[in-house]
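One-letter residues, chain by chain:
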Amino acid sequence: MATELPRLPEQLPTSSVRYVGKEVKRVEDPALVSGTAEFIDNLTLPNMLHCAILRSPHPHARILKVDASAAEALEGVVAVITPEDVKRWANAHVTSPPGWGTHCIAIDKVLYVGEPVAAVAATSRALAEDACELIDIEYEILPSVGTANAALAPDAPVLWEEHGTNLIQQRTYNWGEVDRVFAEADHIVTGSFRWNRCGANPTETFGCVCQWDLTDNSLLCHGGYQVPGFWGLARSFSLNLPANKVKVVSHPQGGAFGGKGGARGTDIAALLSRKAGGLPVKYIEDRMEYLLAGSSQSWDRHYEASLALKADGTITGLKVKLLDDQGATTETYGTISVAKPLAAFTGNYRIEAAQYDTTLVVTNRAPAAPYRGYGPPPHFYVLENLVDMAARKLAMDPAELRRINYIRPDQFPYTIPSGNEYDSGNYEAILDKVLKLADYQALRKEQAAARAEGRLVGISVVNTVEPGVFDWNAYATVGVQGVGVPEGARVSVDILGNVTIVVGFNLQGQGQFTVAAQVVADYFGLDMNAVKVTMAPTDSAPPHFGQGGSRLGVAITGAVLGACQKLEADFKRVVAHLMGGLPVEAIELMDGKFRIKANPAIGMTFAEVAGTMLGRSDLLPPGMEPNPTATSVWTAPGRNMPDDQGRCKSYLTAASATHVVMVEVDRETGRTQILKYFIVDDCGTRLNPATVEGQLQGALAQGVGAALLEEYVYDDQANPLVTTFADYLIPSIHEVPIATKDFIVTPSPVTPLGAKGCGEGAMHTTPAAVSCAINDALAPLGVQITETPATPLRVWKLLKQAGAAG
Amino acid sequence: MTTKQRTTVTVNGRVYQREVEPRLTLADFLRHELHLGGTHLGCEHGVCGICTVLINGRSARSCLTLAVQADGAQVTTIEGLRNRETGELHPIQQAFVDEHGLQCGFCTPAFIMTTLELLRDNPNPSDEEMKEALGGNLCRCTGYENILKSVRLAAQRLRASSAA
Chain H
0 MATELPRLPE QLPTSSVRYV GKEVKRVEDP ALVSGTAEFI DNLTLPNMLH CAILRSPHPH
60 ARILKVDASA AEALEGVVAV ITPEDVKRWA NAHVTSPPGW GTHCIAIDKV LYVGEPVAAV
120 AATSRALAED ACELIDIEYE ILPSVGTANA ALAPDAPVLW EEHGTNLIQQ RTYNWGEVDR
180 VFAEADHIVT GSFRWNRCGA NPTETFGCVC QWDLTDNSLL CHGGYQVPGF WGLARSFSLN
240 LPANKVKVVS HPQGGAFGGK GGARGTDIAA LLSRKAGGLP VKYIEDRMEY LLAGSSQSWD
300 RHYEASLALK ADGTITGLKV KLLDDQGATT ETYGTISVAK PLAAFTGNYR IEAAQYDTTL
360 VVTNRAPAAP YRGYGPPPHF YVLENLVDMA ARKLAMDPAE LRRINYIRPD QFPYTIPSGN
420 EYDSGNYEAI LDKVLKLADY QALRKEQAAA RAEGRLVGIS VVNTVEPGVF DWNAYATVGV
480 QGVGVPEGAR VSVDILGNVT IVVGFNLQGQ GQFTVAAQVV ADYFGLDMNA VKVTMAPTDS
540 APPHFGQGGS RLGVAITGAV LGACQKLEAD FKRVVAHLMG GLPVEAIELM DGKFRIKANP
600 AIGMTFAEVA GTMLGRSDLL PPGMEPNPTA TSVWTAPGRN MPDDQGRCKS YLTAASATHV
660 VMVEVDRETG RTQILKYFIV DDCGTRLNPA TVEGQLQGAL AQGVGAALLE EYVYDDQANP
720 LVTTFADYLI PSIHEVPIAT KDFIVTPSPV TPLGAKGCGE GAMHTTPAAV SCAINDALAP
780 LGVQITETPA TPLRVWKLLK QAGAAG
Chain X
0 MTTKQRTTVT VNGRVYQREV EPRLTLADFL RHELHLGGTH LGCEHGVCGI CTVLINGRSA
60 RSCLTLAVQA DGAQVTTIEG LRNRETGELH PIQQAFVDEH GLQCGFCTPA FIMTTLELLR
120 DNPNPSDEEM KEALGGNLCR CTGYENILKS VRLAAQRLRA SSAA
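Residue numbers (numbering that gives the first Met the number 0), protein chains in the order written: chain H, 0 to 805; chain X, 0 to 163.
Derived by calculation from the structure, the hints in this document are not laboratory data. A couple of the hints might just be wrong.
[Stated by the list, open to error] On the chain X side, residues computed to face chain H include the following (Cβ under 8 Å):
| # | residue |
| --- | --- |
| 1 | G12 |
| 2 | Y15 |
| 3 | R17 |
| 4 | V19 |
| 5 | P21 |
| 6 | V46 |
| 7 | I49 |
| 8 | F95 |
| 9 | D97 |
| 10 | F105 |
| 11 | T107 |
| 12 | K130 |
| 13 | E144 |
| 14 | N145 |
Note that the structure is predicted; figures quoted are calculated from it, not measured. Ideal placement from N, C-alpha and C gives every residue a C-beta, glycine not left out.
Construct the entire structure; sequences and hints are all you get.
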């Protein structure tokens, strides 16, 4: 069996690649445009009950009494769960670092508004909600912690009495001689930044249907699960079940972006099913529940950061001090967003030394969750703003300051101070291309003319690195253990030569089923419609993770190629045997034909070999199983354990992009309008270019939301003030600029087919790029916006301060 | 709970009669009483537009409409678009596939229903008119670029077929 996977599409066993790297229509789409995809709320099981959850109206309170008798007496109510049931049947959620997870329903006290305190299963959702109103809960209201700074005050109320402090973790990393480079710097630029909470908000909220089998003592969970196996394992911990007694069936998801969540909802629906004698229970989170306390809120950060430079503009050092508000618990893995920046801490630049000082605290806000990018987007917002501040200080063009500090093409693979290795790249080529695409000099002239008219027009040139293909080792610094993220595919061929690919994850929007089909079709010379891709539940799927960490396109490509290679080896054995006992090495695969190398006219088609294997056992080599099926599980090669400063080879690929943005800030209102947007990116081989472009533009939209519109606002007592889409402003078609895009291709030397992770994409760059453009517009006034989102009110206040507002 | 009311709604040309609670929304009626699951719910407070259907030919949010309000109405949903005999996609659906006008596909039925109304009333809309028509529909995946391309392609194909 071959051990090396093809490094480029041209190395596939075909004389002409038909699908990989071409714009192909997605196999996912016909069902989606027809409205027939089985999103979780479309699933109905016989005798299914409906769940509603009663949630805490207080940020911090002791639960004195729960009386559910009136709810239980309501006709149509089948089960109610209260803290007593949860104490008996469930465990607190496992967290990293450990010990900061609560139960699915609050026991003794509530830590945030929206925390579940009881739940009802009834014959309809409306009835279940009626019943929730009948549950009587007596609270003793406790003083709350509203902000990260308040959490560390000496007299602050303590959320977690067993810890005795609101501090989850304080850790400082030093990479290289930070003190020396700052002491020897000719210039130091320093800034304070505030990134307010924003979050994923997929259009579909979380939902599940859970059924507890009381005979077998096992659990079946259907739902919008992003990472089915991982969620199944977590349920085994929280619900006291062996992991193989939790079966998770992932349904197509209406987006996730990391923020789908579902742990609590699943545990609650599962316990209700258990209490209801094993009837299935459906829970569909509504939008208010999602906004309040789903996995909806991410990145609540206060930064102090500095950049050290030489007189010629060489950046020598970066210091970042982060105070991160994780909310009330760490159960949704928000802590990882503090660890992930290590994978690309110094961005595109050669910076010899860096320091990262991290303080993670709990407050009475909702638990922080993952969101597209998982940490680097706010980090790059800080770094890129610092670089622009340095450019202004040194009176250098921001594009040129970046250029002279880039990691050069001949320096790859390049190890950054925080330990990760970038696989490949050509940042200067990206910069040149985007400056040309934007006609940068003309833009600057346009800006000068606008400024002469008194208009506030700004331009940014911002680049970032997207760490792709995540590995668990990157998160060791917050207590996550392990190296390697297995992703499997099982490829089976039927007697007529049709192929089925079984994977462990379901649709979420990024088109990975299409990628899997493209790869197999090109490998065996098939039409794509001869390939079916399907998801298996966790009890029959190969090892898998699912979507996350800009990884799955690369990982599933590796898994499918590995399975194809195993099939190829078996098929060659059959053909060699049938050709009169030739050695296997005498057979080659090309364009779907297994042929004799010395005489390529002689051979068998893919379907003929499969048919022989399944239908003519008398013709097979002795001892060969009639099984044209192969499973392969891929994980990134060469990953290692981190050292005491968190340094390791974590993310396998380093994609990059440079955005050029032109904005205008309205003097009267402080409103920002994006006038022009240009992107050039490099994510190696583009497996399905249309999908890559779609991911880029979609991430751009989310970046615009984070930069200008989206914010979870709390009062100083941690009461949420944003609970509907009327307050949480998702960008509409009117707010999202359509970027002019181009790309270069620097294939990854370490991935199958040379592709790099690209799913998180522009989310890394857009918030920084829009912010830097606004600050360029404001620069003549001597003010800067250093807080997200740059709402009209925030900007107007700055204009007023500068005496420039209308 | 209050007394149920008899409600008669014609959906995609077929007449349905049900006894429903007055508080039942049209969206839940379509999804759970009629098992037409292609109309999705994004926020249930009238902002995202993901539940858009046509009521008597006009786009409307089925989450803010009660089923009893639709009594006697003609409702068109995504399930009514594909050719029933051949299974062939409607030209608007096909244009969304061809131009990659969707990613997760959750908001897509609503965009298609809004586009159906737009192109019926205005077969050759400008980009500004498209944005105006689609401004009430949120999409979290695509960044709208490929949605606009899909609507342009659908318009072009529908004009070509009506001219033929």
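Evaluated hints:
no.: 1; hint: G12; verdict: violated, 16 Å
no.: 2; hint: Y15; verdict: violated, 17 Å
no.: 3; hint: R17; verdict: violated, 14 Å
no.: 4; hint: V19; verdict: violated, 11 Å
no.: 5; hint: P21; verdict: violated, 11 Å
no.: 6; hint: V46; verdict: holds, 4 Å
no.: 7; hint: I49; verdict: holds, 6 Å
no.: 8; hint: F95; verdict: holds, 5 Å
no.: 9; hint: D97; verdict: holds, 7 Å
no.: 10; hint: F105; verdict: holds, 3 Å
no.: 11; hint: T107; verdict: holds, 6 Å
no.: 12; hint: K130; verdict: holds, 5 Å
no.: 13; hint: E144; verdict: holds, 5 Å
no.: 14; hint: N145; verdict: holds, 6 Å
Hints 1, 2, 3, 4, 5 from the list above are not met by this structure, while the remaining hints are.
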